[in-house]
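Number of protein chains: 2
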Amino acid sequence: MTDITASIIVIGDEILSGRTKDKNIGYIAELLTKIGVNVMEVRVVPDKEEKIINTLNQLRKEYTYVLTTGGIGPTHDALTADCVAKAFNVEISENNEAIKMLLERIPLKDLNDSRRRMARIPHGAKLIENSVSKAPGFQIGNVFVMAGVPTVMQAMLDVIIKRMETGQKLFSCNILTDIKEGDIADILRSIQGRTETVSIGSYPYYNDNGYGANIVCRGKNIDELKSIASIIKNDLSEIGNVEIGEIL
Amino acid sequence: MTDITASIIVIGDEILSGRTKDKNIGYIAELLTKIGVNVMEVRVVPDKEEKIINTLNQLRKEYTYVLTTGGIGPTHDALTADCVAKAFNVEISENNEAIKMLLERIPLKDLNDSRRRMARIPHGAKLIENSVSKAPGFQIGNVFVMAGVPTVMQAMLDVIIKRMETGQKLFSCNILTDIKEGDIADILRSIQGRTETVSIGSYPYYNDNGYGANIVCRGKNIDELKSIASIIKNDLSEIGNVEIGEIL
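Protein chains in written order, with the working numbering: chain A, 2 to 249; chain B, 2 to 249.
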């Protein structure tokens, strides 16, 4: 079974200026990981045509899927649909089905030229409906184009994941310890040396209750994962408190 | 005055799996924007040597500065320092000054091989001290290498910004409205057509109190920014409530 991979392109000056804090990357990454689609790269790019087109064309060749967020509203700074059309070298025009979706929410008298822009869809694309704002995203080839507003993006993502080929789920197991990273690193390196199918990550934490390391094991085979987790627990229990979480 | 640009590379499987939600991108972006350094691109990449090296070598040529977060701890999955050395084609070895910094926090008897790894620094790099954990980051050429733990990263960033050449600050002004984006898009497009020095962005919001659009104007000249903001306020006041925020 081949790996199913994905990359995310977050489009928007407001993220790069820090004015808006992105909430979409973590949400998409978590959901795709759950269904066995491995997010391999994320890029945040400005509202600049050339950069958006180049990034799209590079990533859509490299990964199974590309998901974009942002830049599909009615205003002049929403460039994504046109950039996608240019990247795929196809025409873009008003899509009747998209107009119908807009009319479910917007009275005909309010459907001005700016709002009609939200129905401009690259030729050959399939719409992605959304229950929140009605204005659709779209899919063309392996690229899924979504809104930037988190609630709208999340509604679109629910539609998208049903269209995706999903891979073998990567299971993970957290092991929480109150041991300093520097005291477990040798042990973890040795255990990692014994397995090629389970990857072991270590993430230090500092909080009001003290510090320690959270170890995360990931793998496609649950039995191997359990075995490595129990070796880690066994080896670390001599130096501190170790708690194995459930396998997710 | 030339533009000072930056890109951020977030290194870590845990961000791409969604297990850890990144808190560094927004923090760095906001702080750099304040001092006139324009963040032009962000990439999140996995703990994979080839990907880290290629990304570093591409971005350090493209932007004034590159800042990385993550992958400089004592464990086997911390690859950043070695990748940076390879990207710059320099040797890497234990740095005496870095060992001294570690000893400010770590008793000599606890300074095992894993912890000593945190003192491995590419040749030619300058250390970045941090008051939180003492383990240093480093700067080589135009690349700044920081920890991934937010509190540690923030301490390092305070040191880094003093070493950066800063650009002309980009001022911004928020204009909050209770008008739907689709009703202001034509007006904003027309106003944007009249200025090349102020960029106008529109960000729809939906919350419990209703919906509307938050307009953000950005520019280097405060007078031009004020002038555009007041034109927007004037033109939109006919259709809804409009409130100009302070210029930041």
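No lab work stands behind these hints, which were simulated from the structure alone.
One thing to keep in mind: the hints can contain errors.
When chains are identical, the list treats them as one kind, so a pair holds in a single copy or across two.
[As the list claims (entries may be wrong)] Only pairs whose alpha carbons sit at most 25 Å apart, straight line, appear in this in silico BS3-like list of lysine-lysine:
id, residue 1, residue 2
1, LYS52, LYS35
2, LYS49, LYS62
3, LYS24, LYS110
4, LYS181, LYS135
5, LYS110, LYS170
6, LYS22, LYS221
7, LYS22, LYS181
8, LYS227, LYS52
9, LYS181, LYS163
10, LYS24, LYS181
11, LYS52, LYS221
12, LYS62, LYS181
13, LYS101, LYS35
14, LYS49, LYS110
15, LYS35, LYS24
16, LYS22, LYS110
17, LYS101, LYS221
18, LYS170, LYS52
19, LYS22, LYS170
20, LYS135, LYS52
21, LYS52, LYS62
22, LYS181, LYS101
We went through each hint and held it up to the structure:
Proximity of LYS52 and LYS35 under a CA criterion of 25 Å is satisfied inter-copy only: 23 Å between copies versus 30 Å inside one chain copy. Both within a single protomer and between protomers do LYS49 and LYS62 lie at most 25 Å apart by alpha-carbon distance, with minima of 21 Å and 19 Å respectively. For the identical chains of this complex, LYS24 and LYS110 are neighbours neither inside a copy (34 Å) nor across copies (43 Å), given an alpha-carbon limit of 25 Å. Only between protomers do LYS181 and LYS135 lie at most 25 Å apart by alpha-carbon distance; the minimum there is 14 Å, versus 50 Å within a single protomer.
In this assembly of identical chains, LYS110 and LYS170 lie within 25 Å of each other by CA distance neither inside one copy nor across copies; the values are 48 Å within and 43 Å between. Taking the shortest alpha-carbon separations for LYS22 and LYS221, only the inter-copy value of 22 Å comes in at or below 25 Å, while the best intra-copy value is 33 Å. Taking the shortest alpha-carbon separations for LYS22 and LYS181, only the inter-copy value of 22 Å comes in at or below 25 Å, while the best intra-copy value is 31 Å. In this assembly of identical chains, the alpha carbons of LYS227 and LYS52 never lie at most 25 Å apart, being 44 Å within a copy and 29 Å across copies at closest.
For the homomeric pair LYS181 and LYS163, neither the shortest alpha-carbon distance inside one copy (42 Å) nor that between copies (31 Å) is at most 25 Å. Only between protomers do LYS24 and LYS181 lie at most 25 Å apart by alpha-carbon distance; the minimum there is 22 Å, versus 30 Å within a single protomer. Taking the closest pair of Cα atoms, LYS52 and LYS221 come within 25 Å of each other only across two copies (22 Å); inside a single copy the shortest separation is 36 Å, beyond that limit. In this assembly of identical chains, LYS62 and LYS181 lie within 25 Å of each other by CA distance neither inside one copy nor across copies; the values are 42 Å within and 37 Å between.
With identical chains, the CA atoms of LYS101 and LYS35 are never at most 25 Å apart, being 33 Å at best within one copy and 44 Å at best between copies. Taking the closest pair of Cα atoms, LYS49 and LYS110 never come within 25 Å of each other, the shortest separation being 32 Å inside a single copy and 54 Å across copies. Taking the closest pair of Cα atoms, LYS35 and LYS24 come within 25 Å of each other both inside a single copy (18 Å) and across two copies (21 Å). Within a single copy, LYS22 and LYS110 get their C-alpha atoms no closer than 35 Å, and across copies no closer than 43 Å, so neither meets the 25 Å cut-off.
With identical chains, the CA atoms of LYS101 and LYS221 are never at most 25 Å apart, being 43 Å at best within one copy and 42 Å at best between copies. Only between protomers do LYS170 and LYS52 lie at most 25 Å apart by alpha-carbon distance; the minimum there is 23 Å, versus 33 Å within a single protomer. In this assembly of identical chains, LYS22 and LYS170 lie within 25 Å of each other by CA distance solely across copies; the values are 20 Å between and 29 Å within a copy. For the homomeric pair LYS135 and LYS52, neither the shortest alpha-carbon distance inside one copy (28 Å) nor that between copies (38 Å) is at most 25 Å.
Both within a single protomer and between protomers do LYS52 and LYS62 lie at most 25 Å apart by alpha-carbon distance, with minima of 16 Å and 16 Å respectively. Taking the shortest Cα distances, LYS181 and LYS101 sit within 25 Å of each other only across copies (19 Å), while inside one copy they are farther apart (58 Å).
Checked against the numbered hints given earlier, this structure breaks hints 3, 5, 8, 9, 12, 13, 14, 16, 17 and 20; the rest are met.
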